[in-house]
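Asks: One line per chain: the protein sequences are R and U, in this order.
Per numbering that gives the first Met the number 0, the first sequence starts with residue 0, numbered consecutively.
Per numbering that gives the first Met the number 0, the second sequence starts with residue 0, numbered consecutively.
Wrong hints could be hidden among the right ones.
To be verified - DSS-like, lysine-lysine: derived pairs with alpha carbons at most 30 Å apart: (1) R:140 / U:37; (2) R:41 / U:136; (3) U:37 / R:143; (4) U:111 / R:66; (5) U:81 / U:172; (6) R:173 / U:216; (7) R:143 / R:89; (8) R:173 / U:81; (9) R:137 / U:111; (10) U:136 / R:173; (11) U:37 / R:106; (12) U:37 / U:216; (13) R:41 / U:30; (14) U:81 / R:111; (15) R:106 / U:39; (16) R:173 / U:50; (17) R:93 / U:50; (18) R:173 / U:61; (19) U:111 / R:41; (20) R:41 / U:39; (21) R:106 / U:111; (22) R:143 / U:39; (23) R:106 / U:136; (24) U:37 / R:41; (25) U:111 / R:93; (26) R:62 / U:81; (27) U:182 / R:143; (28) R:111 / U:50; (29) R:140 / U:39; (30) R:106 / R:62; (31) U:81 / R:41; (32) U:50 / R:140; (33) U:61 / R:62; (34) R:173 / U:182.
If you're looking for bench data, these hints aren't it; they were derived computationally from the structure.
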Amino acid sequence: MTSFKFPSFGFTTNEISFLAEQETITILPRYTMNGTRLIGAKMQNLRAMQRQDVPIWLALILKSQDKCNVVIPDWLTVNYLKQRYDEEVKEPNKFSELPWHWLPISKILLDKCSDDFLDHLYEIRSVLQDLREVRQLKARKGIKELNGVYLQLDGLSLMEINEIRPFIIESMNKLRLLSQSVRTDQLAGVGEDEAQQSVQGKGNAIDSEISYDDSQIYRTTNEDSNSKPSSSRFDRTTTAGNESGIYSSANTTRIGATDDRMDDADESEDSDIEYRIH
Amino acid sequence: MDFSDILNEFKSAAVGPKEESENDRDEDLRKISEVWIKEKSVPELLPYENKLMDRLLERMRKQIEFIEINSIELQQDEREIKLLLVIVENELDRVQFLIRSYIRTRLLKIDKFSIFIRSDKEELAKLSPNETAYMEKHLQLLMDLYNSQFLGRLPENLQALDEVAGGISMVEKPDYGRPIFIKCNRDRQVVIDDEAVDLSRNGIYVLRYSAVSDLVKAGEVMVL
Chain R
0 MTSFKFPSFG FTTNEISFLA EQETITILPR YTMNGTRLIG AKMQNLRAMQ
50 RQDVPIWLAL ILKSQDKCNV VIPDWLTVNY LKQRYDEEVK EPNKFSELPW
100 HWLPISKILL DKCSDDFLDH LYEIRSVLQD LREVRQLKAR KGIKELNGVY
150 LQLDGLSLME INEIRPFIIE SMNKLRLLSQ SVRTDQLAGV GEDEAQQSVQ
200 GKGNAIDSEI SYDDSQIYRT TNEDSNSKPS SSRFDRTTTA GNESGIYSSA
250 NTTRIGATDD RMDDADESED SDIEYRIH
Chain U
0 MDFSDILNEF KSAAVGPKEE SENDRDEDLR KISEVWIKEK SVPELLPYEN
50 KLMDRLLERM RKQIEFIEIN SIELQQDERE IKLLLVIVEN ELDRVQFLIR
100 SYIRTRLLKI DKFSIFIRSD KEELAKLSPN ETAYMEKHLQ LLMDLYNSQF
150 LGRLPENLQA LDEVAGGISM VEKPDYGRPI FIKCNRDRQV VIDDEAVDLS
200 RNGIYVLRYS AVSDLVKAGE VMVL
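Input sequences plus hints: build the corresponding full structure.
Replies: Structure (structure tokens):
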């Protein structure tokens, strides 16, 4: 059994931002200027003071040359975000509706177009941060539901998905392999001892990026198969407290680590726009 | 649909997609992003997007031409064209990045599964001619290296690289059971481990690739 790992598996923060930059945004050109043919849709002629929808990357180029003002989208206002935050608090089991790329877009706009905001920047930043934290907390709680079959994550944005992706994929894969091996052993009618061994063997063979507390998992596995050898503990959507307990306690540390890395990446991240314009 | 519509349709089919509308162009760009995401997230190799790539490469060539022609005329101090050039170059870079990353991802998979791909006609059909040539050459080099370095000195019955006997296959295959993230366009149902799972519209799910691979290939669910 080989673990399947491409060096390029998953997306980097920069790649997600790259995708976000393809979204459109409304700008208010300061000068009249001709458009040009592009590989994608043509860049329209710009007329001074007439609103125009353009991709964000294009808006950023124009902005950096002081050729336009960016119209801050409706959702990036203190008022709107506060409402979403209240929703998040009120409904602990649901994510509020936010744009698919709200994190990278808000970051880009705060960095590059800070003079276009009508609200105070510090207010926007703080409510964005609140929103992010409350959603992150929920996403982590949701990991309790993790099982080998499927998981539903409605309402998360792409960036948020990307943050938990490596963890979720690896652990679901592992749970699936475990449940599979339990199942085949049951089918083959292997004796209890052997079944136990093979579960352990599997566990060892799987080299994981994710550092659970190994001993803990093996212990519970053993107890489990000792007490009720035929139980399909890995099979179902289990929400029983003691089981998810193991995972969630190990998770917190793991996700915490990812976060640190993400933050670093955020800081060192340069927009690829910038080096072009001199 | 009236008669002129039919005529138009016939005409456009006869002339071919020479003059693409802005919509098509926009759509192509959206599509290449999607294709790139798909290729990166899915465990197996997907069919090469032949037509899409041809269109994009052709347009990229035109853009490069545009840049070259216009940068010669730059001496005449035209400020506006300078900014336009920056924009064109920037977009070109962005598309180039997507295409490069797409191809690299494919090459990674091809390297990893070359023996498996060679053994299967259906898999082989997913490669572009260039990719096939690359795979053959790469594999040949690799074999030569292995043989001269150590395989040649092993007993003959241990030399094979594609042995499947003994219950364990040496040939590396994509792990179809690996979970992927998807978003559904509409309500549907998939079966996982003999258990029906309802997927609702706009829901985001993580589930094993084998359960949705047909939907992914048909473009009916969005891979994240």
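Asks: A separate judgement is required for each hint: does it hold in the structure or not?
Replies: Hints and how they fare:
no. : hint          : result
1   : R:140 / U:37  : 28 Å, holds
2   : R:41 / U:136  : 41 Å, violated
3   : U:37 / R:143  : 27 Å, holds
4   : U:111 / R:66  : 48 Å, violated
5   : U:81 / U:172  : 50 Å, violated
6   : R:173 / U:216 : 25 Å, holds
7   : R:143 / R:89  : 20 Å, holds
8   : R:173 / U:81  : 54 Å, violated
9   : R:137 / U:111 : 37 Å, violated
10  : U:136 / R:173 : 35 Å, violated
11  : U:37 / R:106  : 26 Å, holds
12  : U:37 / U:216  : 9 Å, holds
13  : R:41 / U:30   : 16 Å, holds
14  : U:81 / R:111  : 21 Å, holds
15  : R:106 / U:39  : 25 Å, holds
16  : R:173 / U:50  : 38 Å, violated
17  : R:93 / U:50   : 42 Å, violated
18  : R:173 / U:61  : 48 Å, violated
19  : U:111 / R:41  : 39 Å, violated
20  : R:41 / U:39   : 28 Å, holds
21  : R:106 / U:111 : 37 Å, violated
22  : R:143 / U:39  : 27 Å, holds
23  : R:106 / U:136 : 45 Å, violated
24  : U:37 / R:41   : 26 Å, holds
25  : U:111 / R:93  : 40 Å, violated
26  : R:62 / U:81   : 15 Å, holds
27  : U:182 / R:143 : 21 Å, holds
28  : R:111 / U:50  : 37 Å, violated
29  : R:140 / U:39  : 27 Å, holds
30  : R:106 / R:62  : 15 Å, holds
31  : U:81 / R:41   : 17 Å, holds
32  : U:50 / R:140  : 44 Å, violated
33  : U:61 / R:62   : 27 Å, holds
34  : R:173 / U:182 : 23 Å, holds
Checked against the numbered hints above, the structure breaks hints 2, 4, 5, 8, 9, 10, 16, 17, 18, 19, 21, 23, 25, 28 and 32 and satisfies the rest.
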